[in-house]
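Asker: Listed below, chain by chain, are the residues.
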Amino acid sequence: QQPVQSPQAVILREGEDAVINCSSSKALYSVHWYRQKHGEAPVFLMILLKGGEQKGHEKISASFNEKKQQSSLYLTASQLSYSGTYFCGTEYLGSGANNLFFGTGTRLTVIP
Amino acid sequence: EAGVVQSPRYKIIEKKQPVAFWCNPISGHNTLYWYRQNLGQGPELLIRYENEEAVDDSQLPKDRFSAERLKGVDSTLKIQPAELGDSAVYLCASSLVVSSYEQYFGPGTRLTVT
Chain A
1 QQPVQSPQAV ILREGEDAVI NCSSSKALYS VHWYRQKHGE APVFLMILLK
51 GGEQKGHEKI SASFNEKKQQ SSLYLTASQL SYSGTYFCGT EYLGSGANNL
101 FFGTGTRLTV IP
Chain B
113 EAGVVQSPRY KIIEKKQPVA FWCNPISGHN TLYWYRQNLG QGPELLIRYE
163 NEEAVDDSQL PKDRFSAERL KGVDSTLKIQ PAELGDSAVY LCASSLVVSS
213 YEQYFGPGTR LTVT
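Quick note, the sequences are listed as chains A and B, same order.
Just so we're aligned, residue 1 is where the first sequence starts under the working numbering, counting upward by one.
Just so we're aligned, residue 113 is where the second sequence starts under the working numbering, counting upward by one.
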């Protein structure tokens, strides 16, 4: 039931853009995005709900394609502080409210 | 506002020993989650509480793991006896209401079983 994230890792220079994808084989109700820095707790970024609009958070935004059961996280003009591992957590229709299944993460490294 | 508090932050035990982790969620958050995160993996849900009721413990290895949330506030997760494969970070999270709300994670307890 675990969603699949891609890429597994990406290295960017400051100011460059990146896209992280999360796909599911099961029907999704919502997708949650978190960022985790090494040795720290995951930090919530945003939720996308079935039928909802694209969300944005500073220079980080995300979309939810219900037909393809996919979500994408867009990071524009990346900053050093964006470095960390990004996880998507998927909530499936009928699986139990807010039970999240997390992907294996995408490690993002931003270099000067 | 204080975040999710967990203790201890680190624990090293020998296999077959018992261990307990404590979590205090954000004030007013009715829903509490325990996750296990193995190295290089995403968090994996072990158990979810709504107030004091465990509403989903399907992923909890019940032969050795137990959890309680007696007064619907703080919670304890116990492993007895611990095995080498239990080495992981145990994360506690809480949310305000159940459905599709952000979960706030604590710093976790890093368990090493030797």
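Any given hint could be a false lead.
Said to hold, decoys possible - Label pairs and their computed distance ranges (CB to CB):
(1) B:Val117 <-> A:Leu93: 30 to 40 Å
(2) B:Lys183 <-> A:Gln8: 39 to 49 Å
(3) A:Lys26 <-> B:Glu126: 12 to 22 Å
(4) A:Thr109 <-> B:Glu180: 33 to 43 Å
(5) A:Thr109 <-> B:Asn150: 20 to 30 Å
(6) A:Gly39 <-> B:Glu214: 15 to 25 Å
Source of the hints: derived by calculation from the structure; they are not laboratory data.
Computed from a prediction, not measured in an experiment: that's the story for all the values here.
Every residue, glycine too, gets a C-beta built ideally from N, C-alpha and C.
Asker: Now tell me, hint by hint, if it's right for this structure.
Answerer: Against the structure, the hints come out as follows:
{"no.": "1", "hint": "B:Val117 <-> A:Leu93: 30 to 40 Å", "verdict": "33 Å, holds"}
{"no.": "2", "hint": "B:Lys183 <-> A:Gln8: 39 to 49 Å", "verdict": "42 Å, holds"}
{"no.": "3", "hint": "A:Lys26 <-> B:Glu126: 12 to 22 Å", "verdict": "40 Å, violated"}
{"no.": "4", "hint": "A:Thr109 <-> B:Glu180: 33 to 43 Å", "verdict": "40 Å, holds"}
{"no.": "5", "hint": "A:Thr109 <-> B:Asn150: 20 to 30 Å", "verdict": "21 Å, holds"}
{"no.": "6", "hint": "A:Gly39 <-> B:Glu214: 15 to 25 Å", "verdict": "21 Å, holds"}
Violation of the numbered hints given earlier is confined to hint 3; every other hint is satisfied by the structure.
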